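Asks: The hints should help you fit chain V onto chain Y, whose structure is shown.
Each protein sequence line maps, in turn, to chains Y and V. Quick note on the working numbering: the first sequence kicks off at 41 and runs consecutively. Quick note on the working numbering: the second sequence kicks off at 41 and runs consecutively.
No false leads were slipped in.
Treat identical chains as interchangeable: a pair holds within one or across any two.
Listed next, the in silico BS3-like pairs over lysine-lysine satisfying Cα-Cα at most 30 Å (straight line):
(1) K265 with K80
(2) K111 with K341
(3) K80 with K299
(4) K111 with K269
(5) K296 with K340
(6) K423 with K300
(7) K80 with K296
(8) K340 with K111
(9) K300 with K80
(10) K194 with K111
(11) K81 with K296
(12) K264 with K423
(13) K296 with K111
(14) K52 with K390
(15) K300 with K346
(16) K314 with K424
(17) K300 with K265
Think of the hints as simulated: they come from the structure by calculation, not from any bench. Model, not experiment: these values are computed from the prediction.
Number of protein chains: 2
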Amino acid sequence: MNISVLGAYQTKFGELWQKSLEDLFLESCLEAIRDANILKKDIQIIYIGNKLAGSLSDQNHLSSLLTQILKINVPVVRVEAACASGGVAVSQACMAIASEQYETALVVGVEKMTDLLSENVAQHLMSAAGLDEQDSGLSFVGLYALMAMSYLQKFKAPRKSLAAPAIKNHFHASLNKKAHFPFCINLAQVLKSPVIAQPLTLLECSPISDGAAAIVLSSSKFAKKRQLKNGVKIVASSLANENISLAQRQSLLEIKATKKAALQAYNQAGLGPKEISFLEVHDCFTIAEIIALEDLGLYKKGYGFKALENGEVKLGGKRPVNLSGGLKGCGHPVGATGVKQIVEVFNQLKNRAGVRQTKDPKIGLTHNVGGTGGTAVVHILQKKA
Amino acid sequence: MNISVLGAYQTKFGELWQKSLEDLFLESCLEAIRDANILKKDIQIIYIGNKLAGSLSDQNHLSSLLTQILKINVPVVRVEAACASGGVAVSQACMAIASEQYETALVVGVEKMTDLLSENVAQHLMSAAGLDEQDSGLSFVGLYALMAMSYLQKFKAPRKSLAAPAIKNHFHASLNKKAHFPFCINLAQVLKSPVIAQPLTLLECSPISDGAAAIVLSSSKFAKKRQLKNGVKIVASSLANENISLAQRQSLLEIKATKKAALQAYNQAGLGPKEISFLEVHDCFTIAEIIALEDLGLYKKGYGFKALENGEVKLGGKRPVNLSGGLKGCGHPVGATGVKQIVEVFNQLKNRAGVRQTKDPKIGLTHNVGGTGGTAVVHILQKKA
Numbered sequence: 041m042n043i044s045v046l047g048a049y050q051t052k053f054g055e056l057w058q059k060s061l062e063d064l065f066l067e068s069c070l071e072a073i074r075d076a077n078i079l080k081k082d083i084q085i086i087y088i089g090n091k092l093a094g095s096l097s098d099q100n101h102l103s104s105l106l107t108q109i110l111k112i113n114v115p116v117v118r119v120e121a122a123c124a125s126g127g128v129a130v131s132q133a134c135m136a137i138a139s140e141q142y143e144t145a146l147v148v149g150v151e152k153m154t155d156l157l158s159e160n161v162a163q164h165l166m167s168a169a170g171l172d173e174q175d176s177g178l179s180f181v182g183l184y185a186l187m188a189m190s191y192l193q194k195f196k197a198p199r200k201s202l203a204a205p206a207i208k209n210h211f212h213a214s215l216n217k218k219a220h221f222p223f224c225i226n227l228a229q230v231l232k233s234p235v236i237a238q239p240l241t242l243l244e245c246s247p248i249s250d251g252a253a254a255i256v257l258s259s260s261k262f263a264k265k266r267q268l269k270n271g272v273k274i275v276a277s278s279l280a281n282e283n284i285s286l287a288q289r290q291s292l293l294e295i296k297a298t299k300k301a302a303l304q305a306y307n308q309a310g311l312g313p314k315e316i317s318f319l320e321v322h323d324c325f326t327i328a329e330i331i332a333l334e335d336l337g338l339y340k341k342g343y344g345f346k347a348l349e350n351g352e353v354k355l356g357g358k359r360p361v362n363l364s365g366g367l368k369g370c371g372h373p374v375g376a377t378g379v380k381q382i383v384e385v386f387n388q389l390k391n392r393a394g395v396r397q398t399k400d401p402k403i404g405l406t407h408n409v410g411g412t413g414g415t416a417v418v419h420i421l422q423k424k425a
Numbered sequence: 041m042n043i044s045v046l047g048a049y050q051t052k053f054g055e056l057w058q059k060s061l062e063d064l065f066l067e068s069c070l071e072a073i074r075d076a077n078i079l080k081k082d083i084q085i086i087y088i089g090n091k092l093a094g095s096l097s098d099q100n101h102l103s104s105l106l107t108q109i110l111k112i113n114v115p116v117v118r119v120e121a122a123c124a125s126g127g128v129a130v131s132q133a134c135m136a137i138a139s140e141q142y143e144t145a146l147v148v149g150v151e152k153m154t155d156l157l158s159e160n161v162a163q164h165l166m167s168a169a170g171l172d173e174q175d176s177g178l179s180f181v182g183l184y185a186l187m188a189m190s191y192l193q194k195f196k197a198p199r200k201s202l203a204a205p206a207i208k209n210h211f212h213a214s215l216n217k218k219a220h221f222p223f224c225i226n227l228a229q230v231l232k233s234p235v236i237a238q239p240l241t242l243l244e245c246s247p248i249s250d251g252a253a254a255i256v257l258s259s260s261k262f263a264k265k266r267q268l269k270n271g272v273k274i275v276a277s278s279l280a281n282e283n284i285s286l287a288q289r290q291s292l293l294e295i296k297a298t299k300k301a302a303l304q305a306y307n308q309a310g311l312g313p314k315e316i317s318f319l320e321v322h323d324c325f326t327i328a329e330i331i332a333l334e335d336l337g338l339y340k341k342g343y344g345f346k347a348l349e350n351g352e353v354k355l356g357g358k359r360p361v362n363l364s365g366g367l368k369g370c371g372h373p374v375g376a377t378g379v380k381q382i383v384e385v386f387n388q389l390k391n392r393a394g395v396r397q398t399k400d401p402k403i404g405l406t407h408n409v410g411g412t413g414g415t416a417v418v419h420i421l422q423k424k425a
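The shape of chain Y in the complex, shown without the other chains:
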């Protein structure tokens, strides 16, 4: 692939009651364009990742809304894929550039979720699950709790394994001013927090957040023409899907869509999991991070939880995971998450991640999931030589 990331920006994630959907849109788009060192008029197409503006803000047709507030005159496309909306938007922007019909693309992921009561939001989120699951009264934490139970039983992992990703990711978030929860938590706090769906406690669940993230992509040709040499290459962009209902899966111990998307991505990039320097993975619930580490080929099935015991996936470790704080610590405005992962990897590869900078990173991977794994998107980014 001959695609570069030229610029990237993330708004603060959190309960942003003073900011509207429009505010988040504008801030992220304009700052990403500024960061790319190009002008608004250089943008040739825009992709939007958003899941719930129609339900939570009475606002679908975001393409036209963004045209109005950004005062721009280019095609705009909104994609939706539950919590993978942002990642899918990035994948489609890559395709637009690959088609050679466009030289540049802006991708923005946005979600404004905290204006409603969280029980109402959680109900709307369930539209990303199977109707059988909705009719059974299940919630997403309930569905992931089923996976967590299976995992603990099958691999005889200790209960505290489920807490480990949250503790690590909150530590990373404590180094990230943009994070929803920029503070540390400890094991006792995790285990003492209210059980949401056995065995998962409150502090093992990602929050409901507001926020936006945007990136500017271009063809290598455009970057060369403009002498924008400090970008980062996207060397793989891969999307895979799987059945929507857990009852229609062969196993609760893996997410097939992740395995498929990862395999395709490694093939596209011509490299293997061992060459990945660091990752942003989809830790909507802590069990999801453990399973992702295995499905992405970094650890054998049943060994992912051990990586979290010995510190190798923490800042300073061999291969840090979720340096942004992940969905758990940085927050999870659903449509923004897949784009924010790219923002973090871009910043790390450009050595501008400040106090949470990982040392000399070469290759970063992002992994964004919709629902319980009905959609998975993997991108691999590489520093230019």
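Replies: Then chain V, alone, in the frame of chain Y:
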């Protein structure tokens, strides 16, 4: 563009209380694949156009749902652009093939709208309008009524001009068994029907419908390899956007996004409006068809209504418009509409449209609009020589 339509299928449109979203999905996808004379396993990527399943059927994440019910293992992407969701889905599938990452694509537009009371559906539809318009208590018929009033006043068009598209399109629908309203209506009926928003009456508004439509696209290379010679070429695929709120437009007499999309499409195809044999245009309200005929460059501004007086846009006329019955007569399951337009043009170009077949068509154009024109998509299809 080197893209062919290989197959196409439309379900019955109407109040299909005995059919679910899943039923409509499956029927349209499987029949389009069968029509293309290929196998399900030949499909390499799928695009879904849908606006309201999240709100009306508690079902977002349609990519994963379709993966499950169609039992398929390829990337699936859902796009949303209000009533242009179907057209945008087609445009993105064209891009996927243009990128040369995929040789074939299935596009399906679907909407299941009649399970709720129509006032509730109308409210959900308003999420495609500006918040200022929603807050003013406007409805889409109200917004189009503003355009209709301006048009009548500015161009001194007689009141009955607004009825003409409905009468013509119902006549076409009377020849289409798949249509929501397969029967004729006359001027007296239109004028006597209840006023919904002055001046537009009930019979000048498209209905709320259930339905789906699907098409199979391929690269020319794939079609050649498989000796699928009877396809139809897509010679232009164009998307444009405009401000979401009418108050933010320069004129109520035109839809700029349509003009832009049309101009780009004619340039891509290397032809002009005079060469179009027949069209499917977005007649959500009758005024929309009149304005579209002008914005698409077929008639000078202020002269569109005259085309409807002299019969030249009717079956048998010089350049028939909305042979399917249009949104008014055939129905308007919003996500399906943009795809259904391609189905109709495909069937006409293949001379298999039965009693409503237009004579010896060479080139057909589709025009799909979101909201009051915040999104417009134009495709041009040509019979293979």
